[in-house]
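J.: Please build the complete structure, drawing on both the sequences and the hints.
As given, the protein sequences belong to chains C and Y, one line each in that order.
The first sequence begins at 1 in this note's numbering and counts up one residue at a time.
The second sequence begins at 339 in this note's numbering and counts up one residue at a time.
No lab work stands behind these hints, which were simulated from the structure alone.
The beta-carbon is built from N, C-alpha and C at its ideal position, and this holds for glycine as well.
Hints are supplied without guarantee of correctness; some may be wrong.
Label pairs and their in silico Cβ distance ranges [what the hints assert, rightly or not]:
| no. | chain 1 | residue 1 | chain 2 | residue 2 | range |
| --- | --- | --- | --- | --- | --- |
| 1 | Y | 583 | C | 104 | 31 to 37 Å |
| 2 | Y | 596 | C | 118 | 29 to 35 Å |
| 3 | Y | 583 | C | 103 | 32 to 38 Å |
| 4 | Y | 458 | C | 271 | 44 to 50 Å |
| 5 | Y | 586 | C | 271 | 33 to 39 Å |
| 6 | C | 264 | Y | 525 | 19 to 25 Å |
| 7 | Y | 596 | C | 328 | 53 to 59 Å |
| 8 | C | 35 | Y | 418 | 21 to 27 Å |
| 9 | Y | 541 | C | 63 | 22 to 28 Å |
| 10 | Y | 442 | C | 32 | 41 to 47 Å |
| 11 | C | 282 | Y | 503 | 57 to 63 Å |
| 12 | C | 328 | Y | 505 | 51 to 57 Å |
| 13 | Y | 488 | C | 64 | 44 to 50 Å |
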Amino acid sequence: MRGYLVRFLSFIALFGLALTMLPANAGGVGISITTPTNGEIDSAASTGFATTTISWTSSATYLNGATVQLALAPVPSSTAITECLPATTSIGGATYTFGSASSSGAVWTLTGNAATTAVTLCVLVPVTNGPALISAKNFSEAIVTTGATVDFGAAMFYVNGGNDVTITATVPATLSFMITDPANINLEQHTCNLGNLSMSAVNSCSYRLKIQTNAQNGFGAKIKEDHDLATGYATITNVADLHVTAGFEEYGVNLVTSTYGGRNPNTGLFTEPATAWHPIANDYSIPTLATGFVSSTNAFYATSTGATQLVTHKASINGATVVGSYSQRVTYYVYGHF
Amino acid sequence: MRIYFCALIFGFFLLCSSVQAAMTSSNFEIRFDSINSGGLDNSTSSNYLLYDTIGEQATGYSTSTNYSLYAGYRQAEDFRPHLSLLIGAQENNTQTAYTALSTTTKAVTVTSITHFATDTFIGVVENQGLNQKTIIGKIASIIGNVLTVDKWDGQVDQISANPSGGDDFVYRMEAQNGAFGQLEPNVGKTTVSRTNVSTNSPSGYSVYLQSDGYLRGSTTTHIMDVADGLVSPNFEEYGAQVYGFTATSTGFDFAVSSTIREIQTSSTTADNDRVAVVYKINIVPYTPALNYQQKVRYLLTANF
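T.: Here is the structure:
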């Protein structure tokens, strides 16, 4: 009997030893931020406070008497934080008291056992200096619990762009215009010689409009003539039927717009065509009042022939056309839509 | 006798079963204590205060599957989790040439100290442009024209000691805005921002970067994001690259977009871990004329 008792008590002693060596529940917990989104505080209530809500899953349910200690660092303000009203804090459903509130933190003390491991803390943090938010600042909310379960963790909050960098850049405006040789867009040309007109053919001469701009909304170009194609006492009749035809006294201009050169806003590539005033298959008279001639709604880049606008003047005569030397001045106006 | 002995052992360990082994009395509590061979709570010098303990063994942090241990008297003093993130960007108006750089003595010799002060961050840029070398540090002391930092981070093993070419500069890095300034076609430009992370999270942290959209001048016009890993001349491109010992997303220029991207991480505690984020841009002759802007946010998550 005695031997049995000795063995029994030895077993109990060893069991008790094992129990005492079991550590309490403890560990780091992941803190998630419910409000504000990403922890970014960009505004405050009229009271000057912003609502912050953090949540975590405790290592074990907290027991009566345990405390949850919240610390803010660095403190955003010298004003004390307060619990949200209405209070949305939940420490596993346990009853608690809130206290020791200061500018750097607060303490919740459980007055009953928690039923679950879900914990949510909501506090109002002062983030204004007078009517405005404080200067950009980042602070952490760190928690440590006491009692049988020791949990710890922290999350970051950012006030007034404390975690932001604003990147800026300026692209200055450019606009250029050159009238060029039709075969060499780097060679300026300011004459267009129709030559000796005949009744058996339509005479023509050409040049290109090389227009470039980084205006976001593109460019416009207008055309006007100082007067009809004329000698001092007679004019060549302006074309009226859309085609200058041999054997008829007619004069007009034809525009073939570029098929590319405009910046595509989605790709950044210069693939968009320019827009003509009229269908490019037809010939038209030149107005004496400046009139829209060619345009683009995109920035325009014309370093190749295909990105320039081809202008062709055409003339033909009949047997009644008065002999003489005919001329006119054609003027273009180009502007960017910035 | 054996019965009494076993009962004594049993009773002893029952009495010692409390997890909280703090010593208390009616009016006082000793939360933690340790018997060592020395140490003080008030060692001081001009700029420092030291709390030290001498003679402890096997101190430090360790883990098992379900538990973590902070062993040692001093570990208990500041058990509170610590997390800190500081952000700053290059201040263009502080551009200062430098004449010498040492990565071993952590010093850079500048032509003027006007814009610099201790405890502020600086960035050193060699061969400024799309292929520049960049390092960052926090000024610990200024003696004459020599700025000494606490440590360098960034392209420390690539930057050279002797600047040349007139395109090597030091900038203060305390701004909230990273400005490229006025751009010229096919002249690539850069602006640098830096992070500074501190945490006692034993499992480390991650820093993420996310923008509020394109670098844009209007709702319909933006600078094209880099897509081929390299912001290059002759192409309209915008992107960034990260440098530093704890940097991720390294080795290529990435688009700064609304897609969240990890740029810095560590699996252990951080003592002022830093990375440099170099933003890069190149425009072509007919990139639309506008003022462009983008907000980039940095988000820190610790792994407690």
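J.: Each of the hints needs a verdict: does it hold here or not?
T.: Right, here's what the structure says about each hint:
1. In this structure the hint that residue 583(Y) and residue 104(C) lie 31 to 37 Å apart at CB holds, the actual value being about 32 Å.
2. Restraint check, residue 596(Y) to residue 118(C): a C-beta distance of roughly 31 Å satisfies the suggested window 29 to 35 Å.
3. Between residue 583(Y) and residue 103(C) the beta carbons are some 35 Å apart, a value that agrees with the proposed interval 32 to 38 Å.
4. Range check, residue 458(Y) to residue 271(C): Cβ separation about 48 Å, and the 44 to 50 Å hint holds.
5. The beta-carbon spacing between residue 586(Y) and residue 271(C), approximately 36 Å, falls within the hinted interval of 33 to 39 Å.
6. The supplied range of 19 to 25 Å is met by residue 264(C) and residue 525(Y), whose beta-carbon atoms lie about 23 Å from each other.
7. At roughly 57 Å, the beta-carbon separation of residue 596(Y) and residue 328(C) lies within the given 53 to 59 Å, and the hint holds.
8. A hinted range of 21 to 27 Å holds for the C-beta pair residue 35(C) and residue 418(Y), which are about 23 Å apart.
9. Separation of residue 541(Y) from residue 63(C) is about 26 Å and conforms to the stated range, judged on CB atoms against 22 to 28 Å.
10. A C-beta distance of roughly 43 Å is found between residue 442(Y) and residue 32(C), which places it inside the suggested range of 41 to 47 Å.
11. With their beta carbons about 59 Å apart, residue 282(C) and residue 503(Y) fall inside the hinted range of 57 to 63 Å.
12. Take residue 328(C) and residue 505(Y): their Cβ atoms lie about 55 Å apart, and the range 51 to 57 Å holds.
13. Between residue 488(Y) and residue 64(C) the beta carbon distance is about 47 Å. The supplied range of 44 to 50 Å therefore holds.
Going down the numbered hints, you'll see the structure goes against none, and every one checks out.
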